[in-house]
Every structure is written in C-alpha cells, then in structure tokens.
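Protein chains in written order, with our numbering: chain A, 1 to 152; chain B, 153 to 304; chain C, 305 to 414; chain D, 415 to 524.
Just so you know, the hints here were simulated from the structure itself, not pulled from any lab data. Some hints here could point you the wrong way.
[Said to hold, decoys possible] Okay, the calculated bits of chain A under chain C, using three or more residues with CB under 8 Å as the criterion:
#: 1; stretch: 39-52
#: 2; stretch: 56-62
#: 3; stretch: 67-80
#: 4; stretch: 120-131
#: 5; stretch: 140-152
Each residue gets a CB set at the ideal place from its N, CA and C atoms; glycine is no exception.
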Amino acid sequence: MAAPLPSDVGLRVSLAVEIPSDVAYIERVVELVRHPCEELAYDPHQLALNVPVALSEAISNAILRANNEDPQKRVLVRAEVDTRRLVVDVQDEGEPFDLDDNIRDATDPENIEREDGRGLFLMRALMDRVERFDANTGAPPGNVVRLTLSRA
Amino acid sequence: MAAPLPSDVGLRVSLAVEIPSDVAYIERVVELVRHPCEELAYDPHQLALNVPVALSEAISNAILRANNEDPQKRVLVRAEVDTRRLVVDVQDEGEPFDLDDNIRDATDPENIEREDGRGLFLMRALMDRVERFDANTGAPPGNVVRLTLSRA
Amino acid sequence: MSFTIKKEGEIVVVDVEGQLIVGNRQELKQKVIDELERGERKFLIDFAQTGYIDSSGLGVLVSLSKKIREQGGELRLANLNDDLKTLFELTKLDTLFQISDTRDRALASF
Amino acid sequence: MSFTIKKEGEIVVVDVEGQLIVGNRQELKQKVIDELERGERKFLIDFAQTGYIDSSGLGVLVSLSKKIREQGGELRLANLNDDLKTLFELTKLDTLFQISDTRDRALASF
Ligand SMILES: Nc1ncnc2c1ncn2[C@@H]1O[C@H](COP(=O)(O)OP(=O)(O)O)[C@@H](O)[C@H]1O
Ligand SMILES: Nc1ncnc2c1ncn2[C@@H]1O[C@H](COP(=O)(O)OP(=O)(O)O)[C@@H](O)[C@H]1O
Chain A
1 MAAPLPSDVG LRVSLAVEIP SDVAYIERVV ELVRHPCEEL AYDPHQLALN
51 VPVALSEAIS NAILRANNED PQKRVLVRAE VDTRRLVVDV QDEGEPFDLD
101 DNIRDATDPE NIEREDGRGL FLMRALMDRV ERFDANTGAP PGNVVRLTLS
151 RA
Chain B
153 MAAPLPSDVG LRVSLAVEIP SDVAYIERVV ELVRHPCEEL AYDPHQLALN
203 VPVALSEAIS NAILRANNED PQKRVLVRAE VDTRRLVVDV QDEGEPFDLD
253 DNIRDATDPE NIEREDGRGL FLMRALMDRV ERFDANTGAP PGNVVRLTLS
303 RA
Chain C
305 MSFTIKKEGE IVVVDVEGQL IVGNRQELKQ KVIDELERGE RKFLIDFAQT
355 GYIDSSGLGV LVSLSKKIRE QGGELRLANL NDDLKTLFEL TKLDTLFQIS
405 DTRDRALASF
Chain D
415 MSFTIKKEGE IVVVDVEGQL IVGNRQELKQ KVIDELERGE RKFLIDFAQT
465 GYIDSSGLGV LVSLSKKIRE QGGELRLANL NDDLKTLFEL TKLDTLFQIS
515 DTRDRALASF
C-alpha cells in the first residue's frame with residue numbers, strides 16, 4: 001500500500017455494487033467498500049470495526065428485513081469516499097420503515113440477552129450519522145439507508 | 153479473500169476516481185481498480201500484468217501527454233467490473249489525438265532501443281480493446297481512452 | 305471463514321477464522337450444539353484469528369451461552385482484539401461473558 | 415516502492431521493491447548513474463521483489479543499459495517472474511538484455 005495521504009488531496013472514489021438478496025455476498029461487498037477507505041488512509045479502527053460492522057448490518061437488513069431474501073430483489077450499495085468522509089447508501093426493494101421506531105437500546109438489561117435487535121443500534125454507535133430515505137426508483141420505492149463517517 | 157465466483161453471479165461494481173495531474177497518484181488508482189477485479193476472481197496474470205500495466209499507461213498519458221501535468225487539470229478514471237469483463241475509461245482535459253497515428257511497433261528494430269513510445273503498444277497488447285472518444289464534457293472536451301478486458 | 309474445533313482436556317475450543325457474520329453464524333451454532341448434545345459442557349471460543357463480528361454473530365454467542373448454561377455448562381471467550389473489545393463494550397456484552405486475554409488464561413479459568 | 419543498492423564483489427546489485435513506474439523511475443536512473451560516475455561498470459538489477467513495470471520503467475532500463483555500455487560496462491537482469499517475462503517478451507526487450515533466472519546465476523555470469 002502507498003504511504004498515508006494528507007487530508008487535502010483531490011482523491012475521490014465512487015463505488016456502486018449491485019447484489020442479489022443473498023447474505024453470502026455481504027463479506028465481499030464490505031471488502032469492496034473498505035478497500036478504498038484503506039487506500040485513503042482511514043484510521044485502522046474505522047477499517048476494522050466501524051466500516052465493516054455498520055455496513056454489514058445495513059446490507060443484512062436490506063437482504064433479510066426488506067427484501068426477505070427474494071432472489072428477484074436486488075440490493076444496491078453506493079459509496080462515496082474521499083479524504084474527509086465516507087458516505088454509503090444501501091438501497092433495498094422493501095416497504096418503508098421508521099429508523100427511530102425500530103432502534104432498540106441493546107444495552108438495556110431487558111434486551112441484553114436477546115439474540116437479535118442490535119443492528120440499528122450498532123450502526124448508530126459506529127457511524128457519525130444514520131439516515132433513511134425513500135429511494136427515488138422502484139415501486140414500492142424501497143429504502144435507502146445512508147451511513148456517514150468522517151475519516152479519522 | 154472470499155472464494156472464487158462463478159461467472160454468472162449478479163455482482164457488478166462501478167468505480168470512479170478523480171485525481172490531480174500528478175503521476176504520484178497512479179499507483180493508488182491502479183490499486184483501486186485492480187482490487188474489485190481481484191474480488192471478482194480475475195485471473196492472477198490479468199491482476200498482476202494486464203490490468204496494472206495497461207491502466208498505468210493510460211493514466212500516465214492522460215497526466216503527461218494530455219494534461220501536461222497542469223495541477224489545475226484533472227484525470228477521471230471510471231471502471232465497470234463484473235464477472236464477464238472490465239471496462240475502464242480514462243478521461244483527460246487535453247487536445248484530441250489519434251490512437252492509430254500514435255501507436256508504434258515497439259518490437260521494430262528501429263524502435264527497440266528507444267526510451268519512450270511503448271505505452272499505446274502495451275495497452276493494445278495487454279487489453280482486448282483500446283478505443284479513444286471525445287469526452288462529452290469540458291472545452292476542449294478532452295479524450296476518453298477506453299480499455300476493455302474480458303475476465304479470464 | 306472457518307471454525308476449527310479442538311478438545312483441550314475437558315474443554316471444547318473453537319477457533320473463529322475470519323468473520324463471524326450472518327452468512328456463517330449458523331454453522332458455528334450448529335457445531336457447538338452438536339458438541340453440547342454429545343455431552344460437552346465447557347466451551348471456549350478463541351477470537352485470535354477473527355476479523356469482525358456483526359450483530360447476528362453477537363446474537364449467536366448470546367444464544368449459545370444461554371443454551372450451554374441451561375445444560376449446566378459454560379461458554380467463555382478469549383483473545384478479543386481492541387476492536388472486538390470495543391464491540392463487546394458498546395453492546396455491554398462484556399458484562400455477560402467471561403473474557404480472557406489469552407487462550408491459556410481462559411483454559412486455566414474453567 | 416524503493417531501490418536498495420548493494421555491492422557484491424565488483425557488481426552493483428539493485429533490488430527493486432514494488433513497482434518500477436513513471437512516478438519513481440527517475441530515482442532508479444539517478445542512483446545507477448551515480449554509481450556509474452563513481453566508476454562502477456557491472457550492474458545487476460534484481461526483480462525478485464518487484465510488482466509491475468510500466469513502459470517508462472522499461473524505458474529507463476533501456477537507456478541505462480545504453481549509458482552503461484557506452485562506458486564499457488554492462489547491465490544484466492535477474493528474477494523476472496512470469497508476468498514480467500511476458501512483458502519483456504511482448505516488447506522484445508528479452509532480446510536486448512541478458513536475463514538470469516536467479517541472482518546467483520546472474521552474479522556468476524559477469
Ligand atoms: N432495511 C430495512 N427494511 C425494513 N425494515 C428494517 C430495515 N432495517 C431494519 N428494519 C427493521 O428494524 C428492526 C430492527 O433492526 P436491527 O436493529 O437491525 O435488528 P434485527 O435486524 O436483528 O431485528 C428489524 O427487525 C426490522 O423490523
Ligand atoms: N491521452 C493522450 N492525449 C494526447 N496524446 C496522447 C495521449 N496518449 C497518447 N498520446 C500521444 O501518443 C504518443 C505515444 O504514446 P505512448 O505509446 O504511450 O508513448 P509515450 O507516451 O512514451 O510517448 C504520445 O507521445 C502522445 O503524443
């Protein structure tokens with residue numbers, strides 16, 4: 001790998017990956033997004049924890065919760081990476097859902113022994129921002145879950 | 153790295169990288185394009201020879217021959233990779249040039265001891281196709297050099 | 305990504321190589337449950353060679369721990385790197401598991 | 415990317431680590447010319463740790479070889495992997511250079 005970059009260089013990477021609704025693809029997509037962040041010298045903890053975990057969560061929700069593993073439905077992952085920040089959009093073909101209604105405090109004693117329900121919580125904990133929009137294509141339009149992380 | 157992929161999976165990666173006209177960026181851009189090809193299990197020789205060398209040539213021509221290392225001018229590299237093929241467009245801000253007029257047979261005894269002039273020759277030798285278009289932005293529009301390689 | 309199971313004395317030790325995520329957590333779950341049904345009661349999962357763990361991987365650890373405790377057994381963890389430690393702290397799962405810094409210390413703790 | 419220069423008997427050996435490309439070929443050229451001006455005449459470039467070479471890297475090898483020959487010296491190459499061999503064959507530069515499979519054989523060939 002080349003030497004670390006100062007934060008003001010004009011390097012900007014956009015990436016788009018489309019996959020079928022199959023969890024077997026998640027690891028590969030995570031690696032495709034993580035790699036340009038590594039080339040742009042993001043912090044090792046962001047590369048090993050924040051980016052892969054938050055992105056895995058968003059993609060597995062798209063596959064499992066929105067698309068119900070329907071092989072006809074696709075998940076589209078778009079990333080914009082530069083030396084300031086990473087923005088990733090994960091687009092599904094599911095019904096709209098509300099982020100805040102669905103997020104649970106995973107550390108609450110009531111939840112701590114639950115098997116599920118840590119995905120949105122971890123996304124919020126590991127990213128600077130997590131947002132949900134209606135996609136502007138498709139019928140139903142599907143959700144876009146947007147993760148934003150400043151480069152450290 | 154995950155296991156090799158069959159050639160019919162629905163994984164498609166688009167990548168766009170913009171850099172200033174400085175040869176110091178070439179190695180990094182090559183690595184950014186090479187990596188998704190590796191994830192999509194392109195042949196090791198394509199990953200180690202065809203892709204990096206042909207792409208380096210196209211980018212260094214854009215920086216040196218078209219943009220004359222003018223720091224105001226940018227080079228835009230767009231790649232589309234799937235399990236069938238890689239298509240990379242390298243866009244500069246220079247005057248139009250003719251590919252066939254400029255390509256030289258590097259193996260000709262007259263040329264073999266020359267220091268320069270092997271770039272277009274190697275691009276042609278290492279890619280399935282090399283094309284040049286006018287870019288559809290900018291004034292002058294600039295060149296788009298398109299490299300196409302089928303996955304082996 | 306793979307899971308290697310070894311026996312160290314009375315303890316079943318599982319090495320997690322690569323990621324523990326939604327795509328493979330079921331395999332880990334099944335392997336451990338098989339051992340539990342075979343009568344094993346002491347389990348150690350070693351994360352020395354692990355990359356990242358997602359929420360469904362954490363979920364499998366929680367549910368395995370519960371299942372093993374119900375049978376009077378115990379599941380302990382070892383070798384979490386700094387990032388995995390952070391993950392357990394964020395989710396407070398570090399309070400649910402006994403976690404050792406090294407495999408030897410974990411083995412000795414049973 | 416870096417170039418390491420060592421002396422083996424009478425021979426100046428240069429190891430090319432990483433790529434030899436437009437961004438760093440000038441550094442290689444200058445290092446070899448410095449040695450040539452210091453009076454060295456036998457040069458071996460070892461590519462065992464090299465990634466890829468672009469046309470400007472090849473160009474530097476050609477021009478160094480010429481400069482060294484003009485001074486009555488010689489530049490030889492060693493340890494081209496299969497992909498680098500293909501590159502030299504495509505450009506017929508394998509006919510211009512004496513290329514050895516191993517460093518020892520190259521050193522013995524002078
Ligand atoms: N992309 C999505 N489409 C529809 N519903 C979603 C999506 N993402 C999350 N949800 C809803 O939010 C809930 C909580 O998600 P999460 O915190 O990731 O936990 P889990 O997926 O384990 O239930 C999900 O069970 C689902 O109901
Ligand atoms: N992107 C470009 N814009 C303008 N001219 C170009 C471009 N690429 C190649 N050329 C022309 O083609 C010639 C041959 O290119 P090449 O074979 O790569 O060898 P070299 O760059 O070493 O001269 C260049 O010298 C230049 O005149």
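The stretch 120-131 of chain A covered by chain C? Criterion: 3 or more residues, Cβ-Cβ distance below 8 Å.
-> Coverage by chain C holds for the stretch 120-131 of chain A (4 residues, Cβ < 8 Å).
Are 3 or more residues of the stretch 140-152 of chain A near chain C, judged by a Cβ distance of less than 8 Å?
-> With 0 residues in contact (Cβ-Cβ under 8 Å with chain C), the coverage given for the stretch 140-152 of chain A is violated.
Count residues of the stretch 56-62 of chain A with a Cβ under 8 Å from any Cβ of chain C, then say if the count reaches three.
-> holds (count 3)
Given coverage of the stretch 67-80 of chain A by chain C, checked by CB-CB distance under 8 Å (3 or more) = Contact hint for the stretch 67-80 of chain A vs chain C: violated, 0 residues under 8 Å.
Residues of the stretch 39-52 of chain A with Cβ under 8 Å from chain C, three needed, outcome = Per the Cβ count (4), the hint holds.
Going down the numbered hints, you'll see the structure goes against 3, 5, while the others check out.
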